[in-house]
Amino acid sequence: MAAQRQASSASQTPHLSPAELSYLYTSLSLPGTPIRPDGRSPTQFRPLAAETDILPGTNGSARVGFADGTQAIVGVKAEVERTALGIQALSTAEQQDYAAAGNDDRGGGNNGGSKQGSVSGSGQGSWVQMAIEIPGFRDDDALPVFLAEMMREPLVESVSGGGEGGMVGGLKGRLVINRRWHWRLYIDVLLLSQPLSYPLPLLSLTTHLALLATKLPKLKSKGEEDPFFDDDWNAAEYLYPRVKSTKHSSIPGSISVHKVRPPVTLLVVSVAENIIFDPSREEIAVADAVLAISVTYDTDFDRLKLLSIRTIDPPSRLTQPGVPNSENVATLGSTTAAEESVIVNPSTGEEEVPGVWRPRRGGVKRATIAKMIKMVLEKGGVGEEVLDGLEGVEVG
Amino acid sequence: MPLDTSTTYPLTKLRLDGRRWNELRLIHAQISTNPASSGSSYLAMGNTTILCSVHGPAEGRRGDATGGAAGSSGAVVEVDVNIAGFAGIDRKRRAGGSDKQSGRVASTLRSAFQSHLHTYLYPHSTISVHVSVLSADGSLLAAAVNACTLALVDAGIPMPGLLCGCTAGMSGSASTPRDPLNDYLDPLLDVSLPEEQELPFLTVATTTSVPTGADEDEDDMKVAMLTMDSKVHHTYIETMLAVGVDGCKQIREILDGVIKGSSQR
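Top to bottom, those sequences are chains A and L. Under the UniProt record's numbering, think of the first position of the first sequence as 1, with each following residue one higher. Under the UniProt record's numbering, think of the first position of the second sequence as 1, with each following residue one higher.
In isolation and in its complexed conformation, chain A is listed as follows (with noise of 0.2 Å):
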């Protein structure tokens, strides 16, 4: 386990010599049609059991496992809690009211919170805790700090409009009950295997399963009472809205359950030219770029929108080179190349030989980060059919 802990961040490098590395990248890096280990497709996602409402004592819950063992519990639980405002949060709540207009979308996201006049309805992203449990791994290890606070940020700054359905003011709107008292989220995220690859897919697909199984007790107050539930659970309302399908036949291409939806962060490698899905840890080791990009479905457009996109630190960049034969003394190459080469130090040189491997040093075009994306986000892309994917798991 200690190994572990002094994991780069994006996972644990497989102990690969730089011949297999060079053999692994020059298969993936193949031009239109890369070959990848186990055999999938650049989009093909390795497949996955999963199931909802799994643990009684939580407000939602979900297990996800992948084929190769490794699994993720999430459950939500939320808690009442009374809304500490400052003077100058209450007079900019009060001035929200009155104006009605909102202010930048990042700090409040309430427009619609506000117009309606129901609630105010500023939350705040704290009110969204997030926690990650990997085995081997103390919670303030950097590895389940920075996971944790990758899965939050998209979740909490989503925004999506209102209507039936709509969820005024995203989530944090969402987890107003009236001026004095909000609702507390506490999202526990439990890897229960060694992580085999960087495990930021498999965790955000059980947070996003989790959380649209999430039900919050139905309000029986009113206004600006001291809140008060129903104790029925079956009254229940769920945390993401839904609607009745059959409701929204007029409106074609809406047959989902839900109309806003949880984000789902999606981990995405570059190799050369080609962009690879959901990798492997060897995938890992040799990509050029790790991007995790998280999306959401906008309402508003029918259509999927960018939340974030972060780096990852990949760790090719650590690993060994390897030597050319016209340069290595044990293979006795001809010490004429070896003499010319000797100006050229393999790990700092700018020629490539083919089948050496040579450490990635970071950098990725401009062309191939907007591929990536276009990817995600196209109509009939890799994020629709996630997200499909992800409705045709059974909720509730």
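There's no promise every hint is true.
[Said to hold, decoys possible] Here are the simulated DSS-like cross-link-like pairs (lysine-lysine), alpha carbons at most 25 Å apart as the crow flies:
| id | chain 1 | residue 1 | chain 2 | residue 2 |
| --- | --- | --- | --- | --- |
| 1 | L | Lys-13 | L | Lys-249 |
| 2 | A | Lys-218 | L | Lys-92 |
| 3 | L | Lys-249 | L | Lys-260 |
| 4 | A | Lys-218 | A | Lys-305 |
| 5 | A | Lys-305 | A | Lys-365 |
| 6 | A | Lys-215 | L | Lys-92 |
Keep in mind the hints are simulated off the structure, nothing from the lab.
Fit chain L to the given chain A structure using the hints.
Showing chain L alone in chain A's frame:
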């Protein structure tokens, strides 16, 4: 908030969840739940739910303070207990990654299994056990012992017999000496969380003795682990222990069925 069992129980002779004094909660168990580990199990005792996975026996990590020398005679058992934040009624988050309860459960499990398993067969190696508590509703240690036993069986680690844990309580504070003529307190088998918070209870784990000869009784049980955190007058201990050991016997049959059932598949 625990309801007052001690006042209602003498009247109804039924416990809070409707059980009689000698009834176990429903036990549901599975083994080989996680293909990524050497052995794994899922165990639900009533509303207490535990997942357990075993890695090893594998080469111990280097540079460990106890490494080399400690493992030279036999395998070292490492136990890591993680009580999920959502396990209880209120969500609890402890600072720094461990709290008192999970630490105690882990050290009790470690010492119980270190002496129980045939560790001498695997010198210089480590058996690491990871216990995740998904939902805690009393008898946590007993359920963890049972889950670990199942996972270790699944991992194929040799042991003399199944180690089965169970709790036994007393229906009342039991702080005065027991009166044999007017004995109104009943022992309770397999206490749940409200009972555990209010009544004295002990956790006992038993195993079968190693079969050495034909003259020995098959049902001969040995107490392998016994812990008690609450106060009780010593005259009640014997009754509680007898009930607990009897509960272990019932649990052994259930676990036996789970193991045999999964090997037939």
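(request) Report the numbers of all earlier hints that the structure fails to satisfy, in ascending order. (result) 4
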